[in-house]
Amino acid sequence: MIASGIQIPNDGTVLLTVADKDKEEGLEIARRFHSIGYHILATEGTANYLKQASIPSSVVGKIGEEGKNLLDVIRNGEAQFVINTLTKGKQPARDGFRIRRESVENGWLA
88 MIASGIQIPN
98 DGTVLLTVAD
108 KDKEEGLEIA
118 RRFHSIGYHI
128 LATEGTANYL
138 KQASIPSSVV
148 GKIGEEGKNL
158 LDVIRNGEAQ
168 FVINTLTKGK
178 QPARDGFRIR
188 RESVENGWLA
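In my numbering, the protein residues as written are 88 to 197.
Keep in mind that a hint or two might mislead.
[Claimed, not checked] SDA-like cross-link-like pairs, simulated, lysine to any residue; straight-line CA separation at most 25 Å:
| id | residue 1 | residue 2 |
| --- | --- | --- |
| 1 | K108 | E152 |
| 2 | K138 | I123 |
| 3 | K149 | F168 |
| 4 | K138 | E115 |
These aren't lab readings, by the way, just hints derived from the structure by calculation.
Throw the hints in and build the complete structure from the sequences for me.
Spelled out as structure tokens, the structure:
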């Protein structure tokens, strides 16, 4: 990341929402962020997967769910990183696009 000019904060929050097919790889990413002191926000399915591996996280709603959702987190600048993977199907694809677009428009790494 040094060559790219991207400064990686020493701690903070990462928003993690990954497709089922990517959960294992997402687990390793979450484990690394947790080990360096990052707080993890995750959608319910991802948070449950992390919990099974003893990685703590806080649940944040998906797009359209009541209460605080992941777009709120992005818009409010509550995460230093957003990790989102593609899923099959029309609705998840649109949600994923919105997540990544919102992240870029708000200056967050996606």
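task: May I ask which of the numbered hints given earlier this structure violates, with the numbers listed in increasing order?
output: none
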